[in-house]
Amino acid sequence: MKGPLAVALLGTVAFALLPYIVPAYYVGLMIPFFGYAIALLGFNLLFGYTGLLSFGHAMFLGIGAYGAAVMTGLGFKSFELMLVVVILASVAIALPIGLLCVRYVGIFFGMLTLAFGMLFHSFLFKFYYVTGGDSGTRVARMKILGLEFAKYNKIEFLAGPFYYYCLGLLIIGGFLMWRIVHSPFGLHLRTIRDNARKAEYLGVHVHRFRLAAFVISAAFGAVGGAILGFRVGLADPELVYWTQSGQLVFMAVLGGFANFFGPIVGALSYILLQDQLQSLTQYWRFVLGAILALIVIAFPQGIAGLAVQLKRLVAGRPA
Amino acid sequence: MSAFANILAGGVFHAAVLFLVAAGLQLVFGVQKIVNLACGSFYALGAYFGITFIGYASQYGVSPWLILPGLILSGILLGFIGPPIERLLRTVYSRDGSFQLLLTFALVLMFQDVFKFIWGANPRSLDSAYLIYGTISAGDFSMPVYNLLVILAAIATAAGLGAFLQGTNYGRILRATAENRGMAEALGVDVRRIYSAVFTLGAVLGTTAGALVVPTSAASLDMAIEFVVEAFAVVVIGGLGSMRGALIGAAIVGLIRALSIVFFPEFEVIAIYVIVIGVLIFRPAGLFGRALA
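So the sequences go chain by chain: A and B.
Sequential numbering from 0 applies to the first sequence in numbering that gives the first Met the number 0.
Sequential numbering from 0 applies to the second sequence in numbering that gives the first Met the number 0.
Source of the hints: derived by calculation from the structure; they are not laboratory data.
Be a bit skeptical, because a hint or two may be false.
[Unchecked claim] Under the rule of at most 30 Å between Cα atoms (straight-line distance), these lysine-lysine pairs were calculated in the DSS-like manner:
{"#": "1", "chain 1": "A", "residue 1": "K76", "chain 2": "A", "residue 2": "K197"}
{"#": "2", "chain 1": "A", "residue 1": "K197", "chain 2": "B", "residue 2": "K32"}
{"#": "3", "chain 1": "A", "residue 1": "K125", "chain 2": "B", "residue 2": "K115"}
When you get a sec, could you build the whole thing from the sequences and use the hints?
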């Protein structure tokens, strides 16, 4: 148990020092990383630990972002209050959807979640007098921990106080998820993933546990979405489109969904990769697609899996 | 009332195109058990290539009357992309279904930029040459004959596929492979070749559909990712792997879109997903699918 703690501490220290080392641009780039990383922690509880591939998970990003927009629209300026509200909203929405979805596995679960995701997308897209349609809804600036930080402009705010705030959220989220997957509850989920019928035979309420995993992952998704929406200052339907859900799966696989830190590594690599590719070529999607194909074919364990293998290789050979 | 007929005719045309793409999706899923997200990309590829093909043809003085056969030909020519893509997918056949899905998602991303690279980011369209076939009109009702021909072509394809799958020896082999791959292989079926052929046929159905639709609407970068979710809706409603399901599903989706545009424009897309979800909940295997164990 020492290894993961060391990785987490090292990561925390590295991210805490980052604003003093790299240019402000990259510090700002870390905000979407935090958003995606938190969402992916939840996504991977479902995908990596429970074995359910959701192809509509972007819906919960959307609930977070639109929740932030609605809250600031109503004049509430507290980020924490907003987080509580979007978590409750995502739980309220994930419960009935999850009840219907968890009866299925494999491709049917994927398609049902895709259908719900697209249903939500078309609602956001078509009911423009409620949601602003394709131009989206504005997310105004908010207070964090009750502090205004009025002397910072938005960019300084994002790269300064908000950066550390998001880092804190990721650490809290990571800690919670670590406790969840290493609790008896997490063991139940893994049992269900490996053999649902046997789990049921042993007295595990398969549907109930899957539903719990679905709801927890939705809440994490909403927190991630709120960060993403707040950073852009806009909640738009693009965040909910099925390709965005595909992107979440991409990140999880890129990092390696079999590893606890895989999704976080995946989010970071994806954000940096996309940023670099976009500055190099307008055909960055092609390169990303080729990388995804390569990972799927040759390195299904992802980056984290490769790192573990490398470590074993090094440890196996005495110096 | 005739305005209503116009809309209905539009819905049937849309359904005809949807059927072709969905039939390709069904064939590939039925035999290979792969859900091919890239079917929308094949559709878009067909559309772009159709424009280029007809452009060249008219430069060389090919009669505009040949636009329909020309487009069908261009769709079939694109079949050459089937085998190499199938070869790529072959690397993950033994893997979990989610990896196969992801690999086709990678194809979607790559195709998107291939279109941008070759045909540019702006939508491309053909001129209205297709109106050369004339227009049927009765009172306020009017419909280009071209659209009618496409609907007939789709019906002919449906009948042809049905006859092929049910009536020919090769069709029987395909169905046997879909039913039980291992047993088919044991009886001497070259499953690799079957997979390659099926994937190519599925791709050709998609590219031909794209080519056929392009005279009536522009080819754009978004059409691939927009169309695939609709094709998905069709196969889920009809039942994964079922040809009859693709036909009925396409008719339902096409008509619902047409009707909701008239009655409740806000619900145009929502209505489709509500039906999809309803079907998945009450008949998870779809209207014509068999329950998976």
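The hints, checked one at a time:
Restraint check for K76 of chain A and K197 of chain A: not satisfied, since their Cα atoms lie roughly 49 Å apart, outside the 30 Å limit. Between K197 of chain A and K32 of chain B the alpha-carbon distance is near 25 Å, which keeps this suggested pair within the 30 Å criterion. About 28 Å separates the Cα atoms of K125 of chain A and K115 of chain B, which keeps this hinted pair within 30 Å; it holds.
Violation of the numbered hints given earlier is confined to hint 1; every other hint is satisfied by the structure.
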